[in-house]
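Peer 1: One-letter residues, chain by chain:
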Amino acid sequence: MRARVLVRPKRGILDPQGQAVERALPALGFEGVRNVHIGRLIELDVEDPARLPEMCERLLANPLIEDYEIVGGEG
Amino acid sequence: MKFGVVRFPGSCDDVDALDAATLVGDAVPLWHAERDLKGVEAVVVPGGFSYGDYLRAGAIARFAPVMEDVIEFAHEGGLVLGICNGFQVLCEAGLLPGALLPNASLRFVCRQVELEVLDPDTSFTRACARGQRLSVPVKHTTGRYYSPDPVHALLRYAPGQNPNGSQDDIAGVCNEQGNVFGLMPHPEHAVDPLTGSTDGLRIFESIRAEIDDRVVA
Chain V
1 MRARVLVRPK RGILDPQGQA VERALPALGF EGVRNVHIGR LIELDVEDPA
51 RLPEMCERLL ANPLIEDYEI VGGEG
Chain B
1 MKFGVVRFPG SCDDVDALDA ATLVGDAVPL WHAERDLKGV EAVVVPGGFS
51 YGDYLRAGAI ARFAPVMEDV IEFAHEGGLV LGICNGFQVL CEAGLLPGAL
101 LPNASLRFVC RQVELEVLDP DTSFTRACAR GQRLSVPVKH TTGRYYSPDP
151 VHALLRYAPG QNPNGSQDDI AGVCNEQGNV FGLMPHPEHA VDPLTGSTDG
201 LRIFESIRAE IDDRVVA
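First to last, the protein sequences are chains V and B.
Here the numbering used here is used: the first residue of the first sequence is 1, the next is one more, and so on.
Here the numbering used here is used: the first residue of the second sequence is 1, the next is one more, and so on.
These are calculated hints, taken from the structure and not from any lab test.
All figures in this text were calculated on a predicted structure; none of them were measured in a lab.
Hints are supplied without guarantee of correctness; some may be wrong.
Stated by the list, open to error - Just some of the chain B residues that point at chain V, by a computed CB distance under 8 Å:
1. R56
2. A59
3. A99
4. L101
5. P102
6. A104
7. L106
8. Y146
9. P148
10. G165
Glycine included, each C-beta is placed from N, C-alpha and C at the ideal position.
Bound conformation, chain B alone:
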């Protein structure tokens, strides 16, 4: 299968996302100014500081030309994964409910956290077990998730490990249709034993398994 990883000016985790995706499939970069998804079967909106995060994190990137295609792709049921800044972009684009606010501590946090899988029956978590813990790093200043309405959370920070004051310890949420998923932690930075954990691979393996099933169906 083929992943596409969006590259905005200011993206900085696109290369790790490409590397992580390459462990389970093929992966190509998608340039922000081009309206071409290159026939990919899943889109990753990576971490970084797209368009400098001016105004609000993700607020400007949401209007990038490539995002028109990503939004259309999502509306057609395509799988879209937003990581960190990508999560912020997807919320700003209205593909995911809620918003990300500055950390309650007002500090940049960079640390390994334990996540709990709340729902393993989705396209993004099917390679996990219910309640399974994943060790994945976070690194952000604007990661406090907030939604005035109930949401479908797939991952939460393990008790006592909420790094940002996120509502209900939510670390990642998906849309109602289940084909768009955003999370603040970085699964793409946890795919190689060299960096201490390969738990992040479960997310990419889940997407791979989902696409394989779709192709057979």
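Looking at chain V on its own, in the form it has when it is part of the complex:
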């Protein structure tokens, strides 16, 4: 199965990348954008999707500083 894992900084932890992009958008004329956060998308083919949470906990994300979300595959 093709799976996607979204990893994002935990709420409340300073995200300087998100802040930098948030400041850059108005400079291009894109007003009204807030709460920009930048994370990571991991795509992978897995034989046993049941093991994805464990993969996330142990390697793909650092649960101390990041939240992850497993997004269904496209077959």
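Put chain B on the given structure of chain V with help from the hints.
Peer 2: Positioned in the frame of chain V, the structure of chain B alone reads:
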């Protein structure tokens, strides 16, 4: 006494760590792919970009074969010092609390900083005095320390000198048992008057003194 300095693909401060350790004892490199600590009495996990720092700094190195032995060594009370990337590896390995995040400035910082010794009563700081200032360089992009829980900080950046946005100006923390210590600044780069400061030697001298005491005991 004998230090071991881990060498991962991408380590770059291993040679300076070996040189610094050699000023207070003997030192041998420990190859990442070998499960052999060569009978060393203290392990240094050095700075660099282990395994390219892919995914997160230290995330892949944490699974290197030698790390299984380092983790076992630490659980048995062995002294483990992680410097910069080594600090990141030890956090990822769960030997130290917390994590290192990208600098608040998003920039690589390379400069001499003043550190304050918060606790001189540990295996890694016993050659220092409480409140003593140490002049040691930092050079990193991912050095912003964060922990959701209270931690035992041994060193902090002097007021106004926090280079990375680290929580509570923390520069170095140890585990609850006091035998694993990680810091972002580089004591191994401050051991020769040629580079302006020898304050980094205090960390290596502390480890030496601790091991000498253990042997006598």
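Peer 1: Decide, hint by hint, whether the structure agrees.
Peer 2: These are the hints, each one checked on the structure:
1. R56: holds (6 Å)
2. A59: Hint holds; A59 (chain B) Cβ to chain V Cβ min 7 Å, cut 8 Å.
3. A99: Where the cut-off is 8 Å and the nearest Cβ of chain V is about 5 Å from A99 (chain B), the hint holds.
4. L101: With a minimum Cβ separation of about 6 Å from chain V (threshold 8 Å), the hint on L101 (chain B) holds.
5. P102: holds (6 Å)
6. A104: holds (5 Å)
7. L106: holds (5 Å)
8. Y146: Y146 (chain B) check passes; min Cβ-Cβ to chain V is 6 Å, inside 8 Å.
9. P148: Interface hint status for P148 (chain B): holds (7 Å vs cutoff 8 Å).
10. G165: This interface hint holds because 7 Å falls under the 8 Å limit.
Consistency with the previously given hints is maintained throughout, with no hint failing.
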